[in-house]
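Engineer: Which chain is which? The protein sequence lines are C and P, in order. Just so it is clear: in the first sequence, position 268 is 267 by numbering that gives the first Met the number 0, and no numbers are missing. Just so it is clear: in the second sequence, position 85 is 84 by numbering that gives the first Met the number 0, and no numbers are missing.
Simulated from the structure, these hints should not be mistaken for laboratory data. Virtual Cβ for every residue (Gly too), placed ideally from N, Cα, C. A hint or two may mislead.
Not everything, but these chain C residues come out facing chain P in the computed CB check (under 7 Å) [unchecked claim]: (1) Val47; (2) Gly51; (3) Glu87; (4) Ala97; (5) Ala190; (6) Pro237.
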Amino acid sequence: MKIEKILFPTKFREFAFEALESLLVLKDAGLRDVVLHNVIPRDEVGFVPYGGYLKDEEERLREEARIRFQEWQQALSAHGIGSKIVIEVGDPVPNILALAEKEKIDLIVVGKKKKTGPELSFVGSHTLQLMTRSTVPILVSKHMVEYEFSGEMVTRLNDTVFQRPLLATDWSEPSTRALELLSSLKNVVEAVSVCHVIGVKIAKNLDKSGLHLLEKESRERLARYCERLTAAGIPAEPHLGAGRSVLEIIRIARETHATMIMMGTTGKDRLHEFFLGSNSHRVAEASELPTLLVP
Amino acid sequence: MGVSLPLYSVLPFAGMLLSIAFFPLLAPKFWHHHFGKVSAFWAVVLVIPLVLKYQGGAVYEILHIVLADYVPFIILLGSLYTVSGGILLKGTLRGTPALNTGILAIGTILASWMGTTGAAMLLIRPLLRANAHRKNRTFMVIFFIFLVANVGGSLTPLGDPPLFLGFLRGVPFFWTFHLLPHMLVAAGILLTLYYLLDRHYYRREGITAAPDDGAQEPIRIEGAYNFIFLAGIVGAVLMSGMAKWGDISIAGIHRGVQDVVRDGLLVLMAGLSMAVTPRPLREANAFTWFPIQEVAILFIGIFLTMIPCLKILQAGSQGELAFLIAAVREPLHYFWITGMLSAFLDNAPTYLTFLSTAMGGFYPGVAESEAVMLLIKENPLYLLAISAGSVFFGAFTYIGNAPNFMVRSIAEEAGTPMPTFFGYLFKYSAPILGSVFVVISLLFFI
Chain C
0 MKIEKILFPT KFREFAFEAL ESLLVLKDAG LRDVVLHNVI PRDEVGFVPY
50 GGYLKDEEER LREEARIRFQ EWQQALSAHG IGSKIVIEVG DPVPNILALA
100 EKEKIDLIVV GKKKKTGPEL SFVGSHTLQL MTRSTVPILV SKHMVEYEFS
150 GEMVTRLNDT VFQRPLLATD WSEPSTRALE LLSSLKNVVE AVSVCHVIGV
200 KIAKNLDKSG LHLLEKESRE RLARYCERLT AAGIPAEPHL GAGRSVLEII
250 RIARETHATM IMMGTTGKDR LHEFFLGSNS HRVAEASELP TLLVP
Chain P
0 MGVSLPLYSV LPFAGMLLSI AFFPLLAPKF WHHHFGKVSA FWAVVLVIPL
50 VLKYQGGAVY EILHIVLADY VPFIILLGSL YTVSGGILLK GTLRGTPALN
100 TGILAIGTIL ASWMGTTGAA MLLIRPLLRA NAHRKNRTFM VIFFIFLVAN
150 VGGSLTPLGD PPLFLGFLRG VPFFWTFHLL PHMLVAAGIL LTLYYLLDRH
200 YYRREGITAA PDDGAQEPIR IEGAYNFIFL AGIVGAVLMS GMAKWGDISI
250 AGIHRGVQDV VRDGLLVLMA GLSMAVTPRP LREANAFTWF PIQEVAILFI
300 GIFLTMIPCL KILQAGSQGE LAFLIAAVRE PLHYFWITGM LSAFLDNAPT
350 YLTFLSTAMG GFYPGVAESE AVMLLIKENP LYLLAISAGS VFFGAFTYIG
400 NAPNFMVRSI AEEAGTPMPT FFGYLFKYSA PILGSVFVVI SLLFFI
């Protein structure tokens with residue numbers, strides 16, 4: 000597992016280019032190409048009531064996107080990274096997923112600046128759909144974020160995304176794939192924290208000895224994760240947490256000064272997602288750090 | 000109310016319909032982003048003075064048209080749109096004159112059962128895909144608008160919005176089958192003409208065999224279980240036309256229990272379709288709520304602003320539009336005047352306007368449901384003329400019927416050049432449809 004080709008869909012929001020720039024370090028880990036992708040929502044140019052289709056408007060939006068992308072291409076080219084522009088009319092989520100499959104993409108990068116919506120989430124509805132449905136790893140980049148910390152609004156700049164990742168594992172297959180992906184980032188990552196959280200649901204059904212046994216087993220597994228990373232040339236340290244998984248992962252990330260959270264994620268169906276959500280999605284929604292989810 | 004309403008009270012209705020006619024032509028971008036405000040403007044211009052002058056009477060009329068006409072109308076359109084948006088026709092089709100004529104014929108038949116919008120949405124993309132290799136595609140889309148988006152919808156109240164409004168006012172579900180001869184003549188002429196045109200272009204393009212790109216995919220329908228929900232919609236509408244389960248009062252408006260149950264069942268069918276149809280299937284259909292939202296927003300303006308017009312017409316010779324009722328006397332007049340207005344205004348309100356004109360002319364002061372039954376019994380040719388005029392002439396311009404603009408939009412997005420408003424009118428619809436309608440007039444309305 001290696002990141003050689005990135006899909007970068009964008010609506011040209013503030014800090015989109017800066018988010019792209021923060022990915023350039025991946026050149027040292029094998030990044031060769033970036034596909035710059037802009038989807039003009041069909042509703043913006045089509046279905047004009049009793050009118051039809053705004054062809055001129057589509058042309059204008061296409062030209063605007065092309066001009067902006069060409070500027071970005073120069074920056075990528077200066078770093079020796081190839082690029083391709085894809086501008087299309089459609090529905091953002093299915094178009095992004097289809098392009099990722101067609102171009103054999105290794106990583107989709109989506110961005111978010113502010114917490115929005117009634118739950119104040121860093122993940123919009125499109126990103127949530129992508130996280131749920133993508134078979135390709137997704138990085139929610141959150142280049143510059145505003146969030147509340149100790150009762151105050153704080154602004155954080157996430158411009159060194161890959162410097163100190165926190166790998167949060169639940170020992171699942173996607174977590175193992177996240178470990179593999181992380182191992183391929185040797186020349187980019189300075190150090191890694193690996194964490195596992197003994198969740199409330201499991202802990203409450205165990206007596207003290209059972210809990211100790213679980214703790215011992217978890218520490219051993221964490222040590223094995225760290226050994227694999229060390230063998231790949233990446234310094235790693237283990238962290239074991241207990242309690243509510245999402246809050247613990249965010250706490251550990253802050254305490255270890257992590258620059259990104261990496262997690263495995265299992266695809267949930269719509270009903271499961273609606274009623275229960277998933278820990279990886281909730282971390283992406285709640286954490287101020289960029290979140291890389293590996294399916 | 001109809002007797003005392005002044006003629007100028009129909010101005011907001013005229014303003015609303017003229018906005019629909021001219022804004023998309025003159026300021027499409029403005030219209031695209033602000034049509035809701037325009038609709039709200041005309042509604043407010045009518046509602047405030049009407050309520051100030053007639054108070055309780057006006058409030059009753061507004062609630063009545065919203066609860067008894069608008070809500071069921073939008074629920075039917077929305078449910079047909081939602082269910083048909085879950086049916087996907089996949090596979091490799093190669094556009095030949097015979098195949099294309101077949102698609103148009105199937106669409107024409109389906110339109111009466113899944114709505115012109117539903118049938119058009121189901122088939123327009125496969126038609127465009129099948130003919131992507133063809134040089135001349137514009138005429139295909141135009142005949143598709145003629146047949147699938149309009150003429151085909153003439154047989155049941157599910158087919159075209161005007162007929163459903165008639166159904167809500169008491170026209171029996173199967174009565175519209177009396178339009179079968181008219182529909183067969185129109186569709187027969189158009190399909191024959193289409194086949195000849197397509198064969199001509201096919202030969203001129205020099206296509207001897209369909210292109211083989213090696214990606215043959217068998218024809219199949221995905222989401223076919225949505226046909227069950229479609230049957231549920233047909234059943235629910237039929238049930239509401241047959242059952243009489245008494246009345247209930249909603250906000251002071253009496254509605255038949257069977258009508259409320261029907262609306263609930265339609266919402267249920269749409270909900271079930273949404274729940275069981277996989278998201279990727281709808282995405283492959285490019286399903287979006289936007290078109291139905293547009294219809295809902297525009298039609299609340301249309302329904303509210305047309306209250307004075309309907310009331311004045313229902314007052315017959317005592318109302319301010321007595322001159323119109325006196326001028327429109329014969330079925331032929333109704334066919335052409337309902338038709339020409341349906342072509343340039345939306346056909347649903349036009350149908351109601353001329354249904355009211357006929358009822359006001361023959362049975363002034365008689366209760367609406369009773370007047371409809373009398374019209375069917377004593378003067379059915381008039382109702383046939385109004386129904387045929389409003390449905391068939393919907394194809395005359397892009398603005399005659401809602402699916403027209405959706406088909407145009409999808410075709411243009413797929414790279415098929417479409418004529419301008421006047422190009423469509425003068426190059427295609429006036430010569431072709433005009434001739435067909437003359438034949439219909441000679442055969443049925445003289």
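Engineer: Taking each numbered hint in turn, which are not upheld by the structure, reported in ascending numerical order?
Structural biologist: 3, 4, 5 and 6
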